[in-house]
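Asks: One letter stands for each residue in the lines below.
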Amino acid sequence: MTRWLALAVGCLLVASLLTGAAGPGVPDTLILWQIRLPRTALAALVGGGLGLSGAVLQGALRNPLADPGLLGIGGCAGLGAVLAFYWGVSAVFAPALPLAGLAGAAVGCAFLLGFAGRAASGPSLILAGVALSALAAALLALALTLAPNPFALAEITFWLMGGLEDRTLTHLLLAAGPIALGCLTLLRLGRGLDGLALGDEVAASLGVPVGRTLRLAAAGVALAVGAGAAVAGGIGFVGLVVPHLLRPWLGERPSSLLLPSLLGGAVLLLAADLLARAAPLLLPLHQEPRLGVLTALLGAPFLVRIARQVAPGGMT
Amino acid sequence: MIALRTVRVRLTGRDVLHDIDFTARAGEMVALCGPNGAGKSTLLRALAGLLPEGRAPDPRRVAYLPQGARCAWGMTVAEVAALGRIPHGDADPAPVERALQACGLNGLRDSRVDRISGGQARRAMLARVLATEPQVMLLDEPTADLDPAAAHEMMALLRTLSRQGGCVLTVLHALDLALRYADRVVVLAAGRIVADAPPESVLPAAAAAFGLPWGFDPSPRLLPPCQS
Chain F
3 MTRWLALAVG CLLVASLLTG AAGPGVPDTL ILWQIRLPRT ALAALVGGGL
53 GLSGAVLQGA LRNPLADPGL LGIGGCAGLG AVLAFYWGVS AVFAPALPLA
103 GLAGAAVGCA FLLGFAGRAA SGPSLILAGV ALSALAAALL ALALTLAPNP
153 FALAEITFWL MGGLEDRTLT HLLLAAGPIA LGCLTLLRLG RGLDGLALGD
203 EVAASLGVPV GRTLRLAAAG VALAVGAGAA VAGGIGFVGL VVPHLLRPWL
253 GERPSSLLLP SLLGGAVLLL AADLLARAAP LLLPLHQEPR LGVLTALLGA
303 PFLVRIARQV APGGMT
Chain E
2 MIALRTVRVR LTGRDVLHDI DFTARAGEMV ALCGPNGAGK STLLRALAGL
52 LPEGRAPDPR RVAYLPQGAR CAWGMTVAEV AALGRIPHGD ADPAPVERAL
102 QACGLNGLRD SRVDRISGGQ ARRAMLARVL ATEPQVMLLD EPTADLDPAA
152 AHEMMALLRT LSRQGGCVLT VLHALDLALR YADRVVVLAA GRIVADAPPE
202 SVLPAAAAAF GLPWGFDPSP RLLPPCQS
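So the protein lines, in turn, are chains F and E.
Under our numbering, think of the first position of the first sequence as 3, with each following residue one higher.
Under our numbering, think of the first position of the second sequence as 2, with each following residue one higher.
Hints in this document: simulated from the structure, not taken from any laboratory.
Computed from a predicted structure; not experimentally measured.
Be a bit skeptical, because a hint or two may be false.
A few chain E residues facing chain F, derived, Cβ under 10 Å [what the hints assert, rightly or not]:
{"#": "1", "residue": "A57"}
{"#": "2", "residue": "P60"}
{"#": "3", "residue": "D115"}
For glycine and all other residues, C-beta sits at the position ideal for the given N, C-alpha and C.
Only chain E is shown next, with the shape it has when bound in the complex:
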């Protein structure tokens, strides 16, 4: 479980978050949605203990994947995944193997992360998170720059991980993915939580936060590979 109560975050003299009261439980997948600048990433960083006054959580328990994460060096996929063992201070190969397997990276383990596709590199970054075997995963836009099929695959993987008892908290811009895969959707607008509801009832509040109308659209669309 991870919790944040009545938090106010000021950055460069401006309130980015106020009166946040937020809890996520084990086995739950929560999507954080909201317009640009609503404070989603800041909330995630607050939970990761990365804000100036924040207290850092146990790094073995909470893993964080920032937006656009990349590796400065041409390390191999397996080496990047193994960085997830730093909090444990060991080089246990078994969790790294499991993480590579879960992310479908077995065939790419010796490829350099700067010479594979953007989607594959993103999965390598997620494998690093999984190799820590954390109880809580804080993921900022894990599906950015993934093609639709890869995005669905990634979301299905995250959902499986939460079903195995992990707590997955992910910032998502793609509202349709949030509605399809999350157990709960938290909508942030101007630094406040304006809705916190299961996907089937959150749409009106989410639409209001974006200032968009909502309704039923019968136009043809891509569907996820397997409907669950």
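Pulled out of the complex, with its shape left as it was, chain F reads as follows:
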């Protein structure tokens, strides 16, 4: 399965490099390097980070509904990035954008894991995430209201819907490091997450360093999601959908889902981004649909399906 996913990532990477706004074809070198490559690489990196983060959060929280977006971590990252935009810091000091996104995501993760540490049941954790999302959205709206000029407002709103067009090599360089570091951190947590499937106490009695595992999970998710949201805006549901699609094939052991979820996230976002580029050619649209809008259109019905599967009392 992992091999097939890797193959799919490879095929989609090539397809993405060879597909432009005007349709498929081999572009000249400048377009390939300056436009297609950053977009393609970012789709793979951001998607992989989101898929892996979803798998790790679901394992760490023992909750099939955990998703960086749904739990408000993405919202917090967006808030951090918007504040960097708003104060103009990102114009003066480019790395401020991913750093602010990262800081926002870290605050969100710390809040949720602190909440989960106090023995919260599954539903109450999701509610805490919903509260966090609402708070992040409210603070974002406040920042937008106070935005110095109307163009900033439009720019920020557009950016929040998520997308990868017009990203440059600078964006890629800014995001690649933190996302890679976050993913490497998360990929090493498999054994601890397996132990946590039996509860914190059993995990501790098996010698799993529970506190350390949760802190590393929070740090890794903050790095991967925060840096991703800072360059790609609000892209939701990837972390929720990917592990769910993989479980019927790979089983439910958390560690066996980590690498496949990374690859699956990359496949999903690369495919969605190709779809976004293809849509204006196939449908009467005057511009590309936003990537975040596409993943939400795919993910929201999926969430309803999962919510129906999770029987009352089945999620604890």
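Chain F is fixed; fit chain E onto it per the hints.
Replies: Just chain E now, with coordinates in the frame of chain F:
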């Protein structure tokens, strides 16, 4: 051997355990009995090193099965049993095989733990404990929600394990099982050990702890599958 000396445990401002002096030896099966809230589970968790100030024992040596243990994911029985190898940091299939065999789970190895019966799921959790091949097993109510036949089977299995040199310490609500299978019965009441005796002489103290009279009852009853 596992030992706990003059321990006092305070949780949420209340003494849950005081002046505990407790030792269990290899090859011994000890049952912990007592009324609800006597501190049985707390004593087990203290021995497992799970209390805030406790020092954790070597996880390869001491395995712990909490009350109502369950798996959050629909993992297979074999995958759950293999979690017992986490303390050793290996994926050695041989101990996992032996554990599945001992718990009679060979036919269910690829079944999901959330799609088998409660008794089978409990045996899967015990297989996880056995796969660690620990010297000491701390089991909290391993026979809860088992039917009588399965409960007897489980107790007989635990007794066999202790005869093979393991130290089995199990919290039990079913006093009749404790009296039938344990080498020693420790009775806890209000956080203190009020009796620590072999089954044949512990009944008066146990009855006093529960506030029940005791005597001989000739009414017909279920017997274990094989009398030993």
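Asks: For each hint, tell me whether it holds in the structure or not.
Replies: Checked hints:
1. With 10 Å as the threshold, the beta carbon of A57/E comes within range of chain F, its nearest partner Cβ sitting at about 7 Å, so the hint holds.
2. Hint on P60/E holds. Least Cβ distance to chain F is approximately 3 Å, under the 10 Å limit.
3. A hinted interface residue such as D115/E counts as satisfied when its beta carbon comes closer than 10 Å to some beta carbon of chain F; here the least separation is about 8 Å, so the hint holds.
The structure shown violates none of the earlier numbered hints.
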